[in-house]
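Student: Listed below are the residues making up each chain.
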Amino acid sequence: MKKLLILGAGTAGTMMANKMRNNLERDEWDITIVDQFKTHYYQPGFLFIPFGMYTKKDVIKPKSDFFPVGVNVIFSKIDKIVAKENQVVLDDGVVLKYDYLIIATGTRTAPEEVDGLKDKLWYKHIFDFYTIEGATALATYFKSWKGGNLVVNIAELPYKCPVAPLEFVFFADAFFTERGMRDKVKITYVTPMSGAFTKPRATKMLGDLLEQKNIEIVPDFNIMEVNNDEKKIVDYGGTEVPFDCLVSVPTNMGDKMIERSGLGDDMNFVPTDKHTLQQKDFENIFVIGDASNIPTSKAGSVAHFSSEILEENLMCAIEGRPFTASFDGHANCYIETGYGKGTLIDFNYDTEPLPGSFPFPGIGPFGLLKVSRMNHYGKLLFRWMYWHILLKGKEMPIDSEMQMAGKKL
Amino acid sequence: MTIKTIAGVNVDVNDEGYMNDASQWNKEVAAGIAAEENVELTDQHFELFEWMREKVANGETLTLRGIGKSGVVDAKQFYKMFPGAPLKKATKIAGVPKPTSCI
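Line by line, the protein sequences are chains A and B.
Take any residue in the first sequence, note its place counting from 1, add 675, and you have its number in the numbering used here.
Take any residue in the second sequence, note its place counting from 1, add 29, and you have its number in the numbering used here.
Hints listed in this document are in silico derivations from the structure and should not be mistaken for laboratory results.
Among the hints, erroneous ones may be present.
[Claimed, not checked] Below, a sample of chain B positions facing chain A; criterion: calculated Cβ distance under 10 Å:
no., residue
1, T90
2, A104
3, K109
4, K117
The structure displayed is predicted, hence computed values, not measured ones.
Virtual Cβ for every residue (Gly too), placed ideally from N, Cα, C.
Chain A on its own, in the form it takes in the complex (with noise of 0.2 Å):
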């Protein structure tokens, strides 16, 4: 028997485990996923819980959903891939070889990494909302704010999800505003970049968006420390800014499995071929999802449309064929903005967000980099898709690759 490892069993593992055991014939391939929770969390549903709309129940579900029969799944903590031998060891010593390996362990968050972030401070006016902790004691805490200033600060890229912290300042402003208490709080958004967002279209209608929901952006700004007396962030060229509640999106950071098997770059990513989806220095690895270092967004939408490259290059590796498949760097993040709309952004490698409608050009339901109720639907009808076919590896109506029909340049 050949063997197949998928090391993580998130969006990404969850889906390549159910995409390959369709392709692999079981008499002749043993498939085996390990990761160390049981629980799968939708993690694009922890931005709602600070805000009251979605509670835990409402995010979670067992991993064993979503696994296919005739996968054999190994609940445990990996200690080490031992790469220049095809094989993984486990916490408790047990080797599991392979023939072919999937890493798809993620990025976590490591609030650890920036001095005085998880602090005396740290979950009682310092927050972060990427942890199903965090984002429920946040949603504690608003209840009973009485308010101050907001800030939410963006410690390092690259980070998951680039588009939740815009999210979560949009949902704030509509939350207070609701409350009656908008005049008692100031939201700040405090980011390295140079604005709202990377690429010029996509910055320029979402620092206007900021701009109009009196929202003020520090942009340039790299966090050195948290000084929780003082209860004030500092940044390397001395700019401060003072915080009554700090909500933080904390340095992501690959697995540290990775660094353990001496398999990651400085921040614990997976260095990776970015069209084929193959590790650098090892032809039977592949790497998909967030702990790859590949140059685009850490997100569940790029976890899908890759899946459909591994799943075609992987079959190509197996056949001994040249890759086939070539993966564009697609991602496509609905965008909350407030009072039961949002927006929408589409973009790969090479294009930046561009405005439109998508997925039918000229059609939509959906317009890109316009703000409409139809694009608010889209993400909360995803929830369902992804539950239902997204994970089970099934064919979703979009196309994996980005398309320019419908995109005005």
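Since the structure of chain A is already known, use the hints to place chain B on it.
Tutor: Just chain B now, kept in the frame of chain A:
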């Protein structure tokens, strides 16, 4: 692409003033760009440029984190050496492309 004469050398620059051809770079060119950016160069600056140019030649991306761990300078010193926007200024003077942030 624009040709600009810096310290007597004709260099290819893009519309933001970043050099397109790293091989046209030398210490005098660096000093010329540094003067425009109001940065006074020291030996430590050149030590850092060498480190940065080697990283770029190896296809690696320059980040604040990487430079802070370079062993040449730490992040705080880096800010002092290039006040304001250190990564943008340092790459411009070192004759390497502006780092793109991909998110």
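Student: Are the hints correct? Go through all of them and say.
Tutor: We went through each hint and held it up to the structure:
no.	hint	verdict
1	T90	holds, 8 Å
2	A104	holds, 5 Å
3	K109	holds, 9 Å
4	K117	holds, 9 Å
In summary, the structure agrees with every hint in the numbered list given earlier.
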